[in-house]
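A.B. asks: What follows is the residue order along each chain.
There are 2 protein chains.
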Amino acid sequence: MNLHQFNYPKPFELENGKTLEKLTITYHTAGKLNEQKDNVIWVCHALTANSDVFDWWKGLFGEDDLFNPKDHFIICANVIGSHYGTTNPLSINPKTNTPYFSDFPTVTIKDMANAHQLLAESLGINQIKILIGGSLGGQQALEFTLLNQTKIENLVLLATNAVHSPWGIAFNETQRLAIEADESFYANKENRGQNGLIAARTIAMLSYRTYEIYEEKQKDLNNVYESFKASSYQKYQGQKLANRFNAYSYWLLTKTMDSQNIARNRACLEETLNSIKAKTKVIAISSDILFPAKEQKFIADHIPNASYHEINSSYGHDGFLVELDALKEILKDLA
Amino acid sequence: MNLHQFNYPKPFELENGKTLEKLTITYHTAGKLNEQKDNVIWVCHALTANSDVFDWWKGLFGEDDLFNPKDHFIICANVIGSHYGTTNPLSINPKTNTPYFSDFPTVTIKDMANAHQLLAESLGINQIKILIGGSLGGQQALEFTLLNQTKIENLVLLATNAVHSPWGIAFNETQRLAIEADESFYANKENRGQNGLIAARTIAMLSYRTYEIYEEKQKDLNNVYESFKASSYQKYQGQKLANRFNAYSYWLLTKTMDSQNIARNRACLEETLNSIKAKTKVIAISSDILFPAKEQKFIADHIPNASYHEINSSYGHDGFLVELDALKEILKDLA
Chain P
1 MNLHQFNYPK
11 PFELENGKTL
21 EKLTITYHTA
31 GKLNEQKDNV
41 IWVCHALTAN
51 SDVFDWWKGL
61 FGEDDLFNPK
71 DHFIICANVI
81 GSHYGTTNPL
91 SINPKTNTPY
101 FSDFPTVTIK
111 DMANAHQLLA
121 ESLGINQIKI
131 LIGGSLGGQQ
141 ALEFTLLNQT
151 KIENLVLLAT
161 NAVHSPWGIA
171 FNETQRLAIE
181 ADESFYANKE
191 NRGQNGLIAA
201 RTIAMLSYRT
211 YEIYEEKQKD
221 LNNVYESFKA
231 SSYQKYQGQK
241 LANRFNAYSY
251 WLLTKTMDSQ
261 NIARNRACLE
271 ETLNSIKAKT
281 KVIAISSDIL
291 FPAKEQKFIA
301 DHIPNASYHE
311 INSSYGHDGF
321 LVELDALKEI
331 LKDLA
Chain L
1 MNLHQFNYPK
11 PFELENGKTL
21 EKLTITYHTA
31 GKLNEQKDNV
41 IWVCHALTAN
51 SDVFDWWKGL
61 FGEDDLFNPK
71 DHFIICANVI
81 GSHYGTTNPL
91 SINPKTNTPY
101 FSDFPTVTIK
111 DMANAHQLLA
121 ESLGINQIKI
131 LIGGSLGGQQ
141 ALEFTLLNQT
151 KIENLVLLAT
161 NAVHSPWGIA
171 FNETQRLAIE
181 ADESFYANKE
191 NRGQNGLIAA
201 RTIAMLSYRT
211 YEIYEEKQKD
221 LNNVYESFKA
231 SSYQKYQGQK
241 LANRFNAYSY
251 WLLTKTMDSQ
261 NIARNRACLE
271 ETLNSIKAKT
281 KVIAISSDIL
291 FPAKEQKFIA
301 DHIPNASYHE
311 INSSYGHDGF
321 LVELDALKEI
331 LKDLA
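Chains as they are written, first to last, in UniProt numbering: chain P, 1 to 335; chain L, 1 to 335.
Keep in mind the hints are simulated off the structure, nothing from the lab.
Incorrect hints may have been included.
Claimed, not checked - Computed from the model, here is a short list of chain P residues facing chain L with C-beta under 10 Å:
id: 1; residue: Thr106
id: 2; residue: Ser165
id: 3; residue: Arg176
id: 4; residue: Met205
As the list claims (entries may be wrong) - Derived lysine to aspartate or glutamate pairs resembling EDC-like cross-links, with alpha carbons at most 16 Å apart:
id: 5; chain 1: L; residue 1: Lys37; chain 2: L; residue 2: Glu121
id: 6; chain 1: P; residue 1: Lys151; chain 2: P; residue 2: Asp38
id: 7; chain 1: P; residue 1: Lys255; chain 2: P; residue 2: Asp38
id: 8; chain 1: P; residue 1: Lys18; chain 2: L; residue 2: Glu212
id: 9; chain 1: L; residue 1: Lys279; chain 2: L; residue 2: Asp333
id: 10; chain 1: P; residue 1: Lys294; chain 2: L; residue 2: Asp71
id: 11; chain 1: P; residue 1: Lys129; chain 2: P; residue 2: Asp333
id: 12; chain 1: L; residue 1: Lys229; chain 2: L; residue 2: Glu215
id: 13; chain 1: P; residue 1: Lys328; chain 2: P; residue 2: Asp64
id: 14; chain 1: L; residue 1: Lys294; chain 2: L; residue 2: Glu270
id: 15; chain 1: P; residue 1: Lys95; chain 2: P; residue 2: Glu21
id: 16; chain 1: L; residue 1: Lys294; chain 2: P; residue 2: Glu212
id: 17; chain 1: P; residue 1: Lys294; chain 2: L; residue 2: Glu215
id: 18; chain 1: L; residue 1: Lys95; chain 2: L; residue 2: Glu21
id: 19; chain 1: L; residue 1: Lys18; chain 2: P; residue 2: Glu215
id: 20; chain 1: P; residue 1: Lys18; chain 2: P; residue 2: Asp103
id: 21; chain 1: P; residue 1: Lys22; chain 2: P; residue 2: Asp103
id: 22; chain 1: P; residue 1: Lys332; chain 2: P; residue 2: Glu21
id: 23; chain 1: L; residue 1: Lys255; chain 2: P; residue 2: Glu21
id: 24; chain 1: P; residue 1: Lys255; chain 2: L; residue 2: Glu226
id: 25; chain 1: P; residue 1: Lys22; chain 2: P; residue 2: Asp38
id: 26; chain 1: L; residue 1: Lys32; chain 2: L; residue 2: Asp71
id: 27; chain 1: L; residue 1: Lys294; chain 2: P; residue 2: Glu215
id: 28; chain 1: L; residue 1: Lys332; chain 2: L; residue 2: Asp71
Stated by the list, open to error - Here are the simulated distance ranges between beta carbons:
id: 29; chain 1: L; residue 1: Lys240; chain 2: P; residue 2: Lys240; range: 31 to 37 Å
id: 30; chain 1: P; residue 1: Lys240; chain 2: L; residue 2: Gly17; range: 32 to 38 Å
id: 31; chain 1: L; residue 1: Cys268; chain 2: P; residue 2: Asp71; range: 46 to 52 Å
id: 32; chain 1: L; residue 1: Glu215; chain 2: P; residue 2: Glu13; range: 28 to 34 Å
id: 33; chain 1: L; residue 1: Ser286; chain 2: P; residue 2: Lys32; range: 50 to 56 Å
id: 34; chain 1: L; residue 1: Lys294; chain 2: P; residue 2: Gln149; range: 46 to 52 Å
id: 35; chain 1: L; residue 1: Gln36; chain 2: P; residue 2: Asp220; range: 40 to 46 Å
id: 36; chain 1: P; residue 1: Ile92; chain 2: L; residue 2: Lys294; range: 40 to 46 Å
id: 37; chain 1: P; residue 1: Glu271; chain 2: L; residue 2: Gln239; range: 57 to 63 Å
id: 38; chain 1: L; residue 1: Glu329; chain 2: P; residue 2: Asn305; range: 31 to 37 Å
id: 39; chain 1: P; residue 1: Asp220; chain 2: L; residue 2: Lys277; range: 28 to 34 Å
id: 40; chain 1: P; residue 1: Ser286; chain 2: L; residue 2: Gln239; range: 33 to 39 Å
Beta carbons are placed, not taken as given, at the ideal position from N, Cα and C, and that holds for glycine.
With these hints in hand, go ahead and build the complete structure from the sequences.
C.D. replies: In structure tokens:
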């Protein structure tokens, strides 16, 4: 995919009334916008992903995949607050000439959707053939649709929700507490809070996977009483994220996920979903404990032109990235 | 209940070959051992509980409860490594004349069972009418039974397992990583690692409860985008434990839970369970995600004289402490 940047020329106002003096949006594209401007696939990415969809959603997105740049103009924007190029806690705060770190303002899902809208306008896009996102990406896709400024033809929501649950918030708060337990986080310097970030990621892993998949992949066969495979796996996953992400962005983005509530300052939840015109596919993973299937069922039940699809998988929430064959089957009529 | 201490006069050898030079066991009793010595109820406590069963299992144990001191001699011993009086990481290591802190040797469930056996012998107890424990307590009860040195008439196992799962180990490793993210833990001083302990406890809460119970009790009704009830609840629960427990004991005891594998250095798992003679009741909580019901079903399926009981509850693992009416119904024929 091709990497681009868009610099918004004005201050960017956030839902909480605060302002980002500068907003740079980093995004990737593949393919070309056709003359009718009706071949756009817009992808919203999840918590720690970047805007290079061909990198993290291979098998669904790629040169020869279901969603490919020959037929489509594929675009994905890195979200505000993320580590991958869009304005984030490591960016310079123009007011202080130092990085924001933990002074970065709270960003909501709606703020992320507003940033997508600005980028769409800058590219002359006022119609999206397929808007797709899983998890935090699905939350954005819902809010982006509800802005009612870009016409969304098909909406695909995977393993996501309309309101983040108390359970999901508790999982995120626990991750922030782990980061805060690492006192270096408060130093507001680069590469601090990393041990906290390691612990936080291992908490997230528990919410992304299941008892069954740990049983299948991390079971010890010998008679040990410590140094178990499951312990090594947790440490490995924590370190892997810490090598590519920063604690300040992570802390911030978990709060963004918590903010998801499409009914905030709108009509009630059911009516808000009922107002969506897009042809919608809502996809659940049967074993998802973080965004349980009933949350997607609720969305599908209240969007008028929606179908509900449940993928039977033991992968849990991560299933939306892993169960590619099942996804392709559900999505093939859109391509 | 009455508080006692037993000082074992010899070094106590651990499963890993290391030795505790001194072993003090703190325990509580209520009632009197009758002449026939056949009225003993022995309780094994869970991860962060103490030996005062009337304090934490009220409604099941108490002056006028199903298990009461008029009919029974009730005894519970604080486990090795715990914060509540038995030799633990804050005890003085006779070799260094300073507290052990993180130098305390790894303790297995079998070591805990061996300590219970020593205490039983010191009290002239060679027969237990009811041996009962939930979670880490159930793990001990299984090992205590398998020592085959005290005759166990009735065994009651709640929300526990014969082998700790990779999933359970991952939850515990994650808690240890949260404690280790708090660098003060490595100072090996009193009251250190407390912020890590707060985060660790909030992780544990997620494994003790369920999506449903957070939805029921921690849902926000207003239009907020941060400062949610579920966040406050996590912080409250973390702080509450940190006010009464220490990080070194907590870190150690999670490793003890991980060590549970009754087949280690024995025959295979099924044969080991098959060797248990006690009349056994195995009790599961339907929504337990940490020790899922299938683990208890497995135990009940392989102990010859066992019955399986599943309590339908949305409380998750904590159900074994909360669902008292259902427990009394299952246990009433034992009293």
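A.B. asks: List, from low to high, the hint numbers that the structure doesn't satisfy.
C.D. replies: 7, 8, 10, 19, 22, 23, 25, 31, 36, 37 and 38
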